[in-house]
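Two chains, two frames, a set of hints: combine them into the complex.
Those protein sequence lines, which keep their order, are chains A and B.
Position 89, counted from 1, in the first sequence is what my numbering calls 89; the numbers after and before it change by one each time, with no gaps.
Position 140, counted from 1, in the second sequence is what my numbering calls 140; the numbers after and before it change by one each time, with no gaps.
It cannot be assumed that every hint is accurate.
DSS-like cross-link-like pairs, simulated, lysine-lysine; straight-line CA separation at most 25 angstroms [unchecked claim]:
1) B/K98 - B/K191
2) A/K622 - A/K521
3) A/K851 - A/K665
4) B/K577 - A/K574
5) B/K574 - A/K750
6) A/K770 - B/K584
7) B/K225 - B/K191
8) B/K556 - A/K665
9) B/K225 - A/K770
10) A/K821 - A/K851
11) B/K225 - A/K653
12) B/K527 - A/K674
13) B/K191 - A/K750
14) A/K633 - A/K851
15) B/K98 - B/K136
16) B/K575 - A/K750
17) B/K429 - A/K385
18) A/K770 - B/K387
19) B/K429 - A/K770
20) A/K665 - A/K521
21) A/K574 - B/K352
FYI, nobody ran anything at the bench for these hints, they're computed from the structure.
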Amino acid sequence: MKKKLMRLCFRLTILMMVGASVLLVSCKDDYLLDEQEPDWLGASIYDYLVNDGSYTTYVRLIKDAEYEDVLAKTGSKTLFVANDSAFQRFFNNNKWGIHSYEELSDGQKRMILFFGMIDNAYLIETLSNYNYGGVLHEGTAIRRETSVSILDSIPFEQGDALPNGTYWEPYKQNGIYLLKDDSRVCLIHLLQKALDYLTITDEDFELITGLTRSWNDAHIFGNKVIERDITCKNGYINVLEDVLTPPSNMASYIQENENSKTFANMLGRFCAPYYDSENTRKYKELHPEFNDSIYVKHFFASRGGRIVYPDNQPVSSNVRLSYDPGWNSYQSVESNSLIAVQADMGAMFVPTDDAMDYYFNQGKGRILKERYKTWENVPDNVIIKLIQRHMRSSFITSVPSRFNLLVDENNSRIPVDKSHIVSSYIGTNGIVYFTSEVYPPDDYVSVYAPVLMSNKTRVMREAVEDNDFALYINSLESNYSFFVPTDEFFKNYIDPFTYGLNKQGALKFWYDASPDLEIVKATIYQYDAVNDVIGDSVGIVTDQGFINNRLVEILDAHIIVGNVEDGKKYYLSKGGSLVKAEGAGENLRVQGSSDIGMNKYCNVVDSGFYAQTNGNTYFIDKPIQPTEKSVYKVLSDSAEFSEFFDLLYGFAKSDTFSIFTIPAKERGIDENVKFLNAYNYTIYVPSNEAINNAILNGDIPSWKSRGSVVGIDDMTDINEQRAAIRKLSRILRYHFQDNSVLISGLPVSKRYQTATIKTDDSQSFFNTYKNKSYKIEVNGSGDGLQLITEDGKTANVITNNGLYNILTRDYRFNKNPKDTKDIDGTGSGTNTYSSSQIVTSSIAVIHQIDKVLNFE
Amino acid sequence: MVFIVSCVDDDVPNEYVTTFTEDLIGQHLQKNPEDYSEFVKLLQKTNVLGLLNAYGEYTVFAPTNEAMFAFYADNGKDSLGAFPADTLLKIAYDHIIKDNEISSEDFNNGRLASMTMSQRYISLEFESYSNIFVNKISKITELDIEVHNGYIHKINKVLKPTDLTVVGSLEADSIFTIFVNALKYTKLNSKLMAIEDTTYNIDDYDYYKIEQANGQTEELPRYRKFGYTILAESDSTFKANGINSFDDLKAYAKSVYDQVFPADANITDITDPRNSLNRFMSYHLFDRQIGYRKFVMDYDATGHQFQGQGVYDMYECIETMCENTIVEVRTDKQNNRTNLFNWDMESNTGVKIVSTNYDNDGVNGVYHEIDNILVYDVRFASYISGKRLRMDAASFFPELINNNMRANGELHRYIIPPGYFEGLTFSEKTKFTYLNADHRYEDYQGDEMFLKGLYEFSIITPPVPAGQYEVRFSFQPTAFRGVAQLYWDNLPCGIPIDLSINADDASIGHEVPGSNLDDPYGYENDKMMRNRGFMKGPASYRSVDKIWYKADNARKSTQSIRVILGIYEFEEMKKHKFSVTGYKNGEFMLDFLEFVPVEALEYEDIY
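For reference, chain B alone in the conformation it holds in the complex (with noise of 0.2 angstroms):
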């Protein structure tokens, strides 16, 4: 007689394939106490020394003896044993990266993708790899140090991110002291100092099916943090600029501001946020933690932007807390640069980030130092408006950031709950998720929104410059996705689109540039698809392994597609609602949107 029943909770623990000869980083340190022992005590008075000896993916910053022992004194103590239980954890978890092996081979200048195990970024600086520094103050004295389950890299002095909120640590720095008054008397400091969302709980979202899927997992995000960004100018860049005092600022911002919003010329009280110094001010703050990597550089890294000299540049469109404004970030591959604000490339100025100061902590953000006044001026108001603005979804939602979900260097598949995101809504059916970027995907930036079954929601875009403009939405067709109806401003888009249909589909008409000898580059064919509401991909990027969309473009892809919305009228510099509601049964992505002022189609390029 044999039962069947015993065999269906049979299941093979990870933890006793034990058959790796290498020592775990655990056991590195312990091994070599004439360099860790103290660090070794700090991890075993922690508990966390059991998680270093565990199968996992760890990054370990780790402070030799030496360092230990000056921090104490820093601190005025005499011992490990002086510090209370809490601020030691904290210190443990500020040198750990969980989940992530980080090699020498992916440092960059910048915050490191991965977030330490307290939540906060590593920042490195670095002209050689002998000559390496961690969060500005600590060097890596031993590189790469391989271990079975990660990376050692030996530090010589003790990591201690600041306590600070952003604004404080602005404050603390001397250097900024026009900008600080000014931050302080129109009284937007206020508005940056919310560090998370304690009501968020994971766990009320537990009603989400996880699933899995192209061997990712689906993940509700761990916690929902706030975050900022301030670009400052210092004391010395105003005054190379005229601007030696407070006041010199409030008439430079009038002088400025008054133009661009000449309605608003007669307020006065700085701390409404028409007033012109106000405007200047919110100008320079974002509600988003942008590291120097996250402005645009990361998002240009996936690989699917094609890179080299003379290449299509990327464009980051960010919202700033000024209302209704935004700032452009772009590469010049051309000249091999990048985190360019503002810029005119007419005229070669601009902002850009100071090279010796960035990434400066807060514990809700971040602050960098701007070499040169930056400014929602009429060139640029003027600028922003006459040229197309394609918007990555992911961009909408500064959550992404905050939250480090997007460009983390690891393939996600985030649920995305109710009210997580503060510019979506969807209707109680909906599982909304976000993939992050992935080499497979022939995305733009790589990632997309991606919805599947019976959904309903509605995107806030960011503001859109006032004007008439042609907006369009871009996605992959794939033989599983869905039919939906899409709608701007609340208005429907024509009928439901499919979109299963491959762009070489007869009621599209994609034909492959270089497939025609009539038609070698393909214009004509654009101007037929253009004819019948769509367009091509963009020639900018790529899937990067061309496992699922192996096109050597979107622009020579059958599945990517651009939706021609439709011509619309915006009549002031303002956000808008972006709406779908899934008809039938089936997937729905959306990779960007893009907004094209009707004076840039006759000439626009293929990129």
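So that you can see chain A by itself, here it is in the shape it has in the complex (with noise of 0.2 angstroms):
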């Protein structure tokens, strides 16, 4: 290894001075043109284009533009000209509607001349190559930077050609000098070697163009080198089979087209006129008489436009383009790194008027019009969902043979075809597929997309983008149930911290939507517990921690993973909480576990009903409220369940048979039970008869002597002593069990594990390995349950005094709330209420049977 390392640093040092060397060799040869003029090179540009007799209109362009001694005297340059007749057709049929040479205005002149002119020399072959970072990379450029100066050609546009908004307003009446962009002007070339190598295909080719071509074609957008490499003192000629004058880009192209208006209008949304000082000083130097300002067009985008408004005011993230798609100098991305100009360059997916119409009117964009009528009304951080789901990254990922492989930036497929393909443009900056479908958003089609929709769920939908759910509910992948508490009824939600707390309070959200703010903030208020009365307001919360915190809680208990319509009664929350359902559509109610304590639903409101593609969203009329109860306050408050409690209880804390555990941190309201983590569970909790029962006949130790029985707290061997809590403890625990099982009305037959380890190799009834979880079967028809417990006997669930289907919930929270001032700022505590948080819970559901279960 020693030696490969001396080696590798030898070769290192020897390649580094030879390819130092080599460098030096390459300039020299540069050096050596200085002093002689190598006979192989012909004429001028400026020489060989007069002197060849074709090129008259040409030479026209470059007097009148007085560039004759740069392209007689100067370079390098490498030009793309068009010959006489090539301009007769161009004259014959133009887009500027121009039909001889002296029609062309002096910027028409400057535009053809210019975009058809690169700084250096490269031959077809070398055009292909760039250089970035540094870095040298071949046959893979398909655009360079020309020469065109934006201030060839100033565009005045009418007021009327301008998009709305507020910031367009001003030049409606008027008009405005217009830059569509102030950045280089590029051309695309689409050579043999840049799409052997980034596998663009002939026939992705055909469709982008238009055009069939031949093995080593050249095309300069889709117009045809005829005649290449013409090697002239200070470059390059090549012939274009056409007169080459500058497309549009992007953004421009899809305004100017006729059959994109309706997603032309809706990009307008996010782009201003911003002054521009320097070109207005620059264009005054050249022409002095004018007297008026130029602005130039930027779209909000993180990428090559505007964050910030013309009025300096900030762009929110959520209404800002991924991309400027009037960057004429695009950049693309990788690694989250810019790329160089010349590697690739937009595409956009701009569905046709009537691909618009037919989604907007009949097909699956109905749900935005049956919410906002028009797509004027749509709001823009709706609408710019849509728009992004249609601007790509990258040409080169973005060609016809690849659409198959096309994703959203959320990985989500787009499934375009090649059959929606109606037209296509290739502008200055990324090429424009115009498409007889629309490819709308997972956002507008998953059961996020009503609570997005709606102007009244705007706390969920704060909810939901706030804390990154979005991705989650847009999965088509699953299939969820979710539920929304409307603005309206986003309130009376008792937070369970403030149980562990001396008084109680309730929560309602609501959206502060001031300009400077736009969060969700949550009223106090006091909460009678013990009558169920939301009183007074004591306060307000705005601390986004806790808020957030709060928002996750109640999004997790408004979640179910799957469809609660499917005749089961009982359903987990993607938080692990149970939620029972009944009927279906609009009548169906919910009720979280506390629910169900105080006999409260939760409705549909507002026909608040949304079958979308992943599942159904219902709009509630009150939150979701789990049960604050934990399995300590249940079994110690109620005496029915006395026996069982005071066995759990008995344990020393810091016994490590113990049950309930007030953890060093991270406590509950009061007890937790120490082996349950972030799951769902079921006790079994045996009647006080069944207990003294087993006590007495010596099934079961307890702590206090009974009859003949000698407890454990009297014992004087204390082997025999720790032998007997430990039978105990594994005896309790094997009350406890894997999974909530609920009289749900529908039949149960299933084993489950338990919280008793078995130890030894003996014989179980369920044959349970040595080292695992001594298991219960569970049985029933749907009104009971019957258990059958490792030694082989049975127990069933009681079922005539209601102590079945107690939940229970074992919270943890960030702050002891015994160390917390109470909601109105009162009391001791060192931590405010505002910086608490719940952490993790576990829930239960407690069931009296009627015997001690054993496994043994």
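Okay, structure coming up:
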């Protein structure tokens, strides 16, 4: 290994030395050219064009631009020119409506001349190479910046051609001098080498340009090079089949196109005119008669665009495009870094007006129409999701042969098919595919869509967006039931943390739409838990850590993976809490575990039932309220459970066999069951009579002596005492079972693990392995449960006194409630209420049973 | 006038850098005709000599002239010219390892990490440096002849790996008659015959963009070979356990497997995979070629795992060809032992490979003799279902070891083409790569699965015993990671996780053990992290050179996280599906998955 390293170092040194020498040699060659002119060089570019005689129109362009000397005496340049016959065809038919050379404006002349001119000399073969960041990239370039100056032609836009929006209003009356962008204009070259390297097929080329190509053809946009690499002293000339005029950039073309007005109007919402003092000054120097102002159109975008409005107010991230579609010098990204201009360009799928109309009026977009009536009414933060889905960061990955790989920025498939492409256009910064289909984002079809589009669910929308739940509930691979308290009813949420305080509190969440805030806040109300009465407000929480913690807790309780209309009664929410559901559609009503105890229901409001692609969304009239009662609370409060509780509670807290614990950190409301995790459980509580009998029979130890049975506390032999404690703990733990099983009207028949581990190889009823949990088999037809235990005996849940299906929840908080001030700021605690957070919880359902369970 | 176009194609070929004075391998062999003239003739005749006279990295086991002549005689030939050309090329390739210089410093008992140019392993047995045998038969008579492009080891017999399949090799070994018969009667031998997937063609995947990262260039696997391993009891071992015949074996298998699979006790067709004898036999078979060092030793020896007495042992769970079963192979560092199969530490019993009879080669696999009866019995089923199973992601895919991509002693970034791993599916947009053990990583066993961009893939895990399990996913966060949604058996595991967040972020809460005087060992912090759905990395390994990950061990590292995916009920022992969808551009990596029976949670260690 050492030898290998030494050799590697040595070789690297030699390579560096040789590399340096090569660089020196290269420079020496260049120096020689200053001394003498190689024989193989021909005339200058200008002389060649003049002498050939076929380029008289082009030569006039050069002269009018006073560029003769540059093209005769300096360099290096690469030119894409057109001959006289091409110009003749151009004057017969062109987008400017020009019929003769004389009708060309100075600006148009300069655009034709400089758009076909590239600094430096490139053979067609080497045009695909470029350097970026000191690294040579061979055969991969598709674009070059041209010599066009944005000041060659300053377009004046009439007011009626401007987009709608606040920032355009001042110019609607009189128009505006408006640059479509202020970055360098690029030409697109589609050359064999790059097409091969980038595996862009001839079929792709045909779909993109409408032209067929042969091997080694070279095209500038859709304009074929008919004569290439004419070598001149100061560069190369390439002759194009037709006159090359600058195309528009993607944004401009979408706006110009007669068949994409709907999409253009949507896009137009996300741009504004920005005063360009520098170009105004420069233009005035060139044209002293000019006394107006020049503006530049920029889109609100994270890449290449503006992130502040013209008045310097920040643009919210949720209304920024991923890139500026009008950015001439568009740069794509890889691994979060910009890549070279030459390497790639953008791509956009733009549904035609017909496609947009169909989608909105008859297609899957009817949800938008029903909600907003017109496209114009769809809010920016909603419409931008549709636009973004149609904007592609890379042309190379968006060519037709790769349509099957298209995914959006959230990795959701975009189902573009070649047959959807109505036409396409290669702009200076990317390609526009006009499509016969609309590709709505998952946000429009998922269970989130009704929340996104409703003006009644602002709180839940913020909860979803601020806590990264959108990706989760937008997943079309899954199926959800999503319950959404509307803003009006996002109140009376009893905060479980306050059950650990002296004063209980209820929260009302509301959205503060103030421009400088736009956040959710919570008003705290006093809550009389005994009489279930909400009192006066005592404060407002603005701490977003607190707000988001509770909103996540609420989200966890309001999302159920699966369909709650499948016939079961009870469902586990995403957060693990139990939800009871009955009915269907608009008639569905649900209850959290606390609601069940208080006989409250969450009903669907405002006809708020939505069948979505990945599940159902229900707008409801109150938050689903999980119980705050812990296992400790339920067992200690009920006289019917007193024998079992006494046994559970008799262990010293420090004893390894103890059941209840008060954690040193992250405590609950009162005490927690030590071995419960963030999961759901069932606890079988034998009746007092059953325990008494078991104690007297010697089946289970007790703490106090009873009858002739010596209690653990009275045992004198320490070993005997420890053995009895261990035995008691193991029997008690056998009453705690993984998974919540409820009496729900549906049959049950399954074995579950308990919290007692088998420690030997003896044969048990269920053949449980050593070091695995003893099991309980639970059977029931729907109205009761029978338990079969590892000793082969049976027990039954008692259903005639209501002591079954009792739901509990053991919380863990970041702050000890006992050390926290009350909701109104009173009390001696050191922590503020707003600093409290719910960290985790476990849930359990308690049933009373008629016998003590045992495993041996 | 200066054109800039001329510079772009300039390159400096390495071969022109001739500055070294040492001999090359070919030159050295040619300069010593008294030892190697016959071997040189072989190299010349097969046009391989030029290769060894070029720059590169080679290891050559060079047979002497005497060895060559003896080889001719053994094959009934009188000279080299009497052999067919393709045979000669194979013989030449059997003696050369390309792209790796292996000196005796890297020698261990067992197979070398790199394969020969004929794609065969070279196996070493040595007690001392003066007594080293290659492929059991050929003694190294001169070690470590160091030349410019590698090492030459002089040997006294020509190497001739068998042309038999692993089944053929086993059948030819006379000490395994009961085992061989049972293999034949159960027709399991027919499942051990495949050699190579000839439909695999590296050129089919030239659409992948080959990238460089961290000093390595991505590469596609050159071939897709199948491989098998047989662990076989000899007749004498069977006899020592009261099994004297095929019928005895059948009865023994029934006595063991009917207890574990009582529902299948009445299946008498021994070719049925549910039959007890079939299960007994298939439990000895693996769909991957596992050399002596590749059960656990090489993964333990990457430098990441702590070594020495009293430190945590390494366990490798390997799926067998008996459906839904695994064997456990472990180290016992306290007693300086390794390759312990299904070992019961309480009774100190289990199965070991016989130290004098392992790495027996076949063209498509290897067999090892074992010293005791290997079974998936109640004792082991109970044991394995009650303990934490940590499975390195590489262990899921037999193709990695069959094609010598895992723990092969060199750094590689392998692109895994679609269909290459049977247990892996991914979207067309996904580029799935395997980075093998790298001293810079803070990975368990040093390796990881790595992806970037927008990806979507599913992995089928090895079988996990029935029970209630906490399932965990381990990774190292960096600023370059993205956001991913994880799924377990097609159900989402919570909301998407941001893999760029370090463990000391408030949402995870990692405190470096020892940094908080109130919690010196970090146990309270462990509980807090668990409450948030996370765990620290295990304390049993670390980054070897600490260039990127500087912590003493993964437990102390803020860049090592185990995410608790949830608690899941597995109703039977079976395989599971772990799926990942990248939601935002960025990297993703998978180090290992952990399956922890809930029974083991209360008393779980930090390793």
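A quick look at each hint next to the structure:
1. B/K98 - B/K191: violated (32 angstroms)
2. A/K622 - A/K521: The given pair, whose Cα atoms are some 17 angstroms apart, holds under the 25 angstroms limit.
3. A/K851 - A/K665: The hint is violated at about 36 angstroms.
4. B/K577 - A/K574: holds (20 angstroms)
5. B/K574 - A/K750: With a Cα-Cα distance of about 18 angstroms, the restraint between B/K574 and A/K750 holds, given a limit of 25 angstroms.
6. A/K770 - B/K584: violated (45 angstroms)
7. B/K225 - B/K191: Holds, at about 15 angstroms.
8. B/K556 - A/K665: Since the Cα atoms of B/K556 and A/K665 sit roughly 21 angstroms apart, the hinted pair holds (cutoff 25 angstroms).
9. B/K225 - A/K770: Roughly 40 angstroms separates the two Cα atoms, so the pair is violated.
10. A/K821 - A/K851: violated (44 angstroms)
11. B/K225 - A/K653: violated (59 angstroms)
12. B/K527 - A/K674: The given pair, whose Cα atoms are some 12 angstroms apart, holds under the 25 angstroms limit.
13. B/K191 - A/K750: violated (37 angstroms)
14. A/K633 - A/K851: holds (22 angstroms)
15. B/K98 - B/K136: Given pair B/K98, B/K136 holds - Cα atoms ~22 angstroms apart, limit 25 angstroms.
16. B/K575 - A/K750: Cα-Cα ~21 angstroms, so holds.
17. B/K429 - A/K385: holds (22 angstroms)
18. A/K770 - B/K387: The hint holds at about 11 angstroms.
19. B/K429 - A/K770: violated (47 angstroms)
20. A/K665 - A/K521: violated (28 angstroms)
21. A/K574 - B/K352: violated (47 angstroms)
Violated hints, listed in ascending order, are 1, 3, 6, 9, 10, 11, 13, 19, 20, 21; each of the other numbered hints is respected by the structure.
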